[in-house]
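If you're matching them up, the sequences are chains A and B in order.
Take the first sequence: its position 170, counted from the start at 1, is 170 in the working numbering, and no numbers get skipped.
Take the second sequence: its position 203, counted from the start at 1, is 203 in the working numbering, and no numbers get skipped.
In short, the hints are calculated from the structure, not lab data.
As the structure is a prediction and not an experimental result, all values here were calculated from the model.
Ideal Cβ placement from N, Cα and C applies to all residues, glycine included.
Please note that the accuracy of each hint is not assured.
What the hints assert, rightly or not - In the EDC-like style, the derived pairs of lysine to aspartate or glutamate whose C-alpha atoms are separated by at most 16 Å in a straight line are: (1) A/K183 x B/D114; (2) B/K95 x B/E32; (3) B/K253 x B/D228; (4) A/K198 x A/E258; (5) A/K183 x B/E127; (6) B/K132 x B/D177; (7) B/K239 x B/D49; (8) A/K179 x B/E127; (9) B/K245 x B/D228.
To be verified - The following label-pair restraints were derived from C-beta to C-beta distances: (10) B/L279 x A/R27: 54 to 60 Å; (11) B/Q138 x A/E24: 47 to 53 Å; (12) A/L182 x B/R88: 32 to 38 Å; (13) B/Q138 x A/V114: 52 to 58 Å; (14) A/H163 x B/L279: 30 to 36 Å; (15) B/T90 x A/L182: 32 to 38 Å; (16) A/V114 x B/D142: 51 to 57 Å; (17) A/R259 x B/S281: 55 to 61 Å; (18) A/P103 x B/Q94: 32 to 38 Å; (19) A/R160 x B/Q26: 40 to 46 Å.
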Amino acid sequence: MTVGVQHVNDAQVPFSRFLWIVLEKSRSVLLVILTLVAWEAFVRFFDVPVFLLPAPSVIGQTFLNDWHVIALNLPPTMIEIVAGFILSLVIGVPLAIIIVYSPTAESFLYPPMVASQAIPKVAIAPLFIVWMGYGLAPKIWIAFLIAFFPIVIDTVVGLRSIHPGMLQLGRSMGGGSFKVFLKLRLPTALPNIFAGMKVAITLAVVGAITGEFVGSQSGLGYLMTSASGQMDTPLVFAVLVAISVIAMALFVVIELIERISIPWHSSSRTRGGGH
Amino acid sequence: MQTHQAMQKNVQRLGMRLEGISGDDQAFINFENVSKWYGTGANRLHAVDNVSFEAKRGEFISVLGPSGCGKSTMVMLTSGLEKLTSGRITIAGQKIAKPYTDLGIVFQQDLLMDWRRVLGNVLVQPEFRGWKVTDYEQRARDLLQLVGLEKFADRYPHELSGGMRQRVSICRSLIHDPEVLLMDEPFGALDALTRDQLNLDLQRIWQENKKTVLFVTHSIAEAIFLGDRVFVMGPRPTKIVEDIKIDLPRPRKLDIRETPEFMAYVHQIMAIFLKMGILKS
Numbered sequence: 001m002t003v004g005v006q007h008v009n010d011a012q013v014p015f016s017r018f019l020w021i022v023l024e025k026s027r028s029v030l031l032v033i034l035t036l037v038a039w040e041a042f043v044r045f046f047d048v049p050v051f052l053l054p055a056p057s058v059i060g061q062t063f064l065n066d067w068h069v070i071a072l073n074l075p076p077t078m079i080e081i082v083a084g085f086i087l088s089l090v091i092g093v094p095l096a097i098i099i100v101y102s103p104t105a106e107s108f109l110y111p112p113m114v115a116s117q118a119i120p121k122v123a124i125a126p127l128f129i130v131w132m133g134y135g136l137a138p139k140i141w142i143a144f145l146i147a148f149f150p151i152v153i154d155t156v157v158g159l160r161s162i163h164p165g166m167l168q169l170g171r172s173m174g175g176g177s178f179k180v181f182l183k184l185r186l187p188t189a190l191p192n193i194f195a196g197m198k199v200a201i202t203l204a205v206v207g208a209i210t211g212e213f214v215g216s217q218s219g220l221g222y223l224m225t226s227a228s229g230q231m232d233t234p235l236v237f238a239v240l241v242a243i244s245v246i247a248m249a250l251f252v253v254i255e256l257i258e259r260i261s262i263p264w265h266s267s268s269r270t271r272g273g274g275h
Numbered sequence: 001m002q003t004h005q006a007m008q009k010n011v012q013r014l015g016m017r018l019e020g021i022s023g024d025d026q027a028f029i030n031f032e033n034v035s036k037w038y039g040t041g042a043n044r045l046h047a048v049d050n051v052s053f054e055a056k057r058g059e060f061i062s063v064l065g066p067s068g069c070g071k072s073t074m075v076m077l078t079s080g081l082e083k084l085t086s087g088r089i090t091i092a093g094q095k096i097a098k099p100y101t102d103l104g105i106v107f108q109q110d111l112l113m114d115w116r117r118v119l120g121n122v123l124v125q126p127e128f129r130g131w132k133v134t135d136y137e138q139r140a141r142d143l144l145q146l147v148g149l150e151k152f153a154d155r156y157p158h159e160l161s162g163g164m165r166q167r168v169s170i171c172r173s174l175i176h177d178p179e180v181l182l183m184d185e186p187f188g189a190l191d192a193l194t195r196d197q198l199n200l201d202l203q204r205i206w207q208e209n210k211k212t213v214l215f216v217t218h219s220i221a222e223a224i225f226l227g228d229r230v231f232v233m234g235p236r237p238t239k240i241v242e243d244i245k246i247d248l249p250r251p252r253k254l255d256i257r258e259t260p261e262f263m264a265y266v267h268q269i270m271a272i273f274l275k276m277g278i279l280k281s
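Work out the full structure, taking the sequences as your base and the hints as a guide.
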């Protein structure tokens, strides 16, 4: 093969391939763009009133114009989400450990835990407001209440997934139960704990917003309810966009922490890669 | 040698008084009328039935029997991880009452810790025992070299093939230089070629280290190839049906399996299995 042919190949083949790769990688982006275009066309063609359904361009304009209002209400919501999530981790993981090590504790804790998930959060949110006032606390606890469940469930599954031989090995190496837990059981459970955390962080967003809907003086949920009260539908949509961006960003953060802390696990490796 | 001194200290720390313990011809591992039942009441399961034997220090014993007969249980009783129901087991005159730590175990699954690199997996032994890990690093590398994995010390287990993983697991069972090695169908999950290779490797390692080995297998050829003695085990509740001394020169090569002497052992064992009804003609 001559250098010239090589050169032609380099120039021609990769271009169509490049296009193909871009198309393949950006499928979801493409879908979003198509939806937005269709949405925009629909609203303009049928002349839909803006308080019913604003066009994407209007929402985008509102987002830029009212950015300071959104930014002002962002911190309380962020605090509620993150605090609720951390709380669910700090309480959920030890709870799971107790459940795994003590069948008695399991029989005590499991039924109320499941019951706590059966109750609609919107229904008990007003109670939390009554008990804790209009501040951040009730929202943090609602976020916790909804987020801790997947963490407990996944951690229990993870801690139980250890091979019995591994426990025998630990004891044959003279390890006490604490050492076996710390060095064998907990690392085995880490992938499951991270899976639970990924579900929990998105649920914490839902919890915080739900809490703000019911009663608050600040936050994105508050902004949304007040905007919808004033029939400012474009702002409602703009806040909605902000919330989903936050949720996605937090999810990505957890995924990054996962990649850094358990690089050995398949969930951290490139998808579709070997093995 | 620093490592050796450290190990001597550790031996003392374990309370193992090796001085004054017998030479080669006395029993090192001793089973006296050992029985094991699981559970209670109507669900009681009789796993091991009145097993007695003596193993000399440095002896390689193959424990051969059908799947689920209780041979693994019998061997695990040696570790003290499983409690025996009646009888007595001693190692070097010491009665086994709680988990015995001066041994290495290799299971059918390699049981590597996915979150540790290969070297870290081998060094988990001294780490668990609270020994100075750096003292053992060179020995860990030497062991990895012995099984041809010196270049993989910094890899994660998921980057290794099944055979390589099991080799790492063997290194882990030897790093603390234990007197006793328990192997519970260690090559059962491997393909035939890898299995042959690991049989050769294990023989070489054993000849260099001279551990007392209890090797559980359900492969007749593997049992004969590796063993100084083969215990032919009966169905559950298992007992030693026949204790066959394997008189073949070492080091044994794979083609020894085609010699008439080897075949004679195979036929002898097959005849026992036929008689017990484990094999049907």
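message: A/K198 and A/E258 were given as a pair; does the straight-line alpha-carbon distance stay at or below 16 Å?
response: 10 Å, holds
message: For the hint 55 to 61 Å, verify it against the beta carbon of A/R259 and that of B/S281.
response: Cβ of A/R259 to Cβ of B/S281: about 58 Å, so the range 55 to 61 Å holds.
query: Has the given pair, B/K95 with B/E32, been kept, meaning a C-alpha gap of at most 16 Å?
result: 11 Å, holds
- prompt: Is 40 to 46 Å a correct range for the gap between the Cβ atoms of A/R160 and B/Q26?
  reply: Given about 45 Å between the Cβ atoms, the range holds.
query: CA of B/K132 to CA of B/D177, is that 16 Å or under?
result: 15 Å, holds
- request: Could you see if the CB distance from B/T90 to A/L182 stays within 32 to 38 Å?
  value: This hint holds: roughly 33 Å between Cβ atoms.
Hinted pair A/K183 and B/D114, Cα distance within 16 Å: 12 Å, holds
message: If I claimed the Cβ atoms of A/P103 and B/Q94 lie 32 to 38 Å apart, would that claim hold in this structure?
response: Between A/P103 and B/Q94, where Cβ atoms are some 35 Å apart, the hint holds.
field: 16 Å Cα cutoff - pair A/K179, B/E127
entry: 10 Å, holds
message: Does the beta carbon distance between B/L279 and A/R27 stay inside 54 to 60 Å, or does it fall outside?
response: 59 Å, holds
query: Straight-line Cα separation of B/K253 and B/D228 no greater than 16 Å?
result: Satisfied, since the Cα-Cα distance of roughly 15 Å is no more than 16 Å.
query: Given the proposed pairing of B/K239 with B/D49, does the C-alpha separation stay at or below 16 Å?
result: Holds - the C-alpha atoms of B/D49 and B/K239 are around 5 Å apart, at most 16 Å.
Going down the numbered hints, you'll see the structure goes against none, and every one checks out.
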